[in-house]
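Each residue of the sequence shown is one higher than the one before, counting from 694 in the working numbering.
Simulated from the structure, these hints should not be mistaken for lab results. Incorrect hints may appear among the rest.
[Claimed, not checked] Derived lysine-lysine pairs resembling DSS-like cross-links, with alpha carbons at most 27 Å apart: (1) LYS798 <-> LYS715; (2) LYS715 <-> LYS795; (3) LYS782 <-> LYS859; (4) LYS798 <-> LYS833; (5) LYS782 <-> LYS833; (6) LYS715 <-> LYS833; (7) LYS833 <-> LYS795; (8) LYS795 <-> LYS782; (9) LYS782 <-> LYS798.
Keep in mind the model is a prediction, meaning the values are calculated, not measured.
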Amino acid sequence: MDLPTLFEVLAASFDGPEDIEKQAQDALRTADFATQTTYDMHPLTEPFTTVMSHPDAHPVCSVIGQTPLPWAPPETSSDPLYIAHSLPKVNVELLGPDGLVKSEKVRLGLYGMLPNFEYGIRSHPAEEVFVMFAGQAFWKRGAAAYDILGPGGRSYHPSMMPHANKTGEVAFLSAYVWHGDVSTEQYVYDGYPDA
């Protein structure tokens, strides 16, 4: 598969109630592929491909699995703690300032994490939503307890809302979109939440 096909299928998956998902659809459908960068493919590892092939996985997973992408840990921050905590994660910014296709309106990509890991408390000016595609993750929003989400679940984070996520026995894969101030200059990573 190619990026235009992936973008078309992803646009349909951003069908939730928040306006940010409408912004994601619009950005994907109007992406300027003339700005597409070249990249080397780095395939997903077995824990991710396993959850993506599970019967309850979102149908978009088959398109993601057939699209060559440069999977790597995210690079949102240069903070050493953030870098250390990012090693069990995979990310591809598809559309955005650092995306495979350029956009200043959104940061939109794919994100997942291996089993039995945690991505600590973070906050940023952009509003954000994660749409779960495969596997299972526990999401923390503000001071609330963790909620478990599977395929089709969503975790919405208004601007500057502290949030975190972790996995149990299975990996997960999701899509995310940032909208508003998509700069990473004010991204704050605070590490693991207190127990």
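Is the hinted pair LYS782 and LYS833 satisfied, with a Cα-Cα distance of at most 27 Å?
holds, 17 Å
LYS833 and LYS795 were given as a pair; does the straight-line alpha-carbon distance stay at or below 27 Å?
Roughly 30 Å between the alpha carbons, so the hint for LYS833 and LYS795 is violated.
Has the given pair, LYS798 with LYS715, been kept, meaning a C-alpha gap of at most 27 Å?
Holds. LYS798 to LYS715 sits at ~13 Å (cutoff 27 Å).
Against the 27 Å threshold, does the CA-CA distance of LYS795 and LYS782 hold or violate the hint?
holds, 23 Å
Does the structure keep LYS782 and LYS798 at a Cα separation of 27 Å or less?
Given that 27 Å is the threshold and the Cα spacing comes to 24 Å, the pair holds.
Between LYS782 and LYS859, is the straight-line Cα distance small enough, at 27 Å or below?
Judged against 27 Å, a Cα distance of about 11 Å means the pair holds.
Hint consistency between LYS798 and LYS833 [alpha-carbon to alpha-carbon, up to 27 Å]:
Satisfied, since the Cα-Cα distance of roughly 26 Å is no more than 27 Å.
Would you mind confirming whether the straight-line C-alpha gap from LYS715 to LYS833 stays at or under 27 Å?
Answer holds: LYS715 to LYS833 is near 24 Å, not above 27 Å.
Given pair status - LYS795, LYS715, alpha carbons within 27 Å
With a Cα-Cα distance of about 19 Å, the restraint between LYS715 and LYS795 holds, given a limit of 27 Å.
Violated hint for the displayed structure: number 7, the only one.
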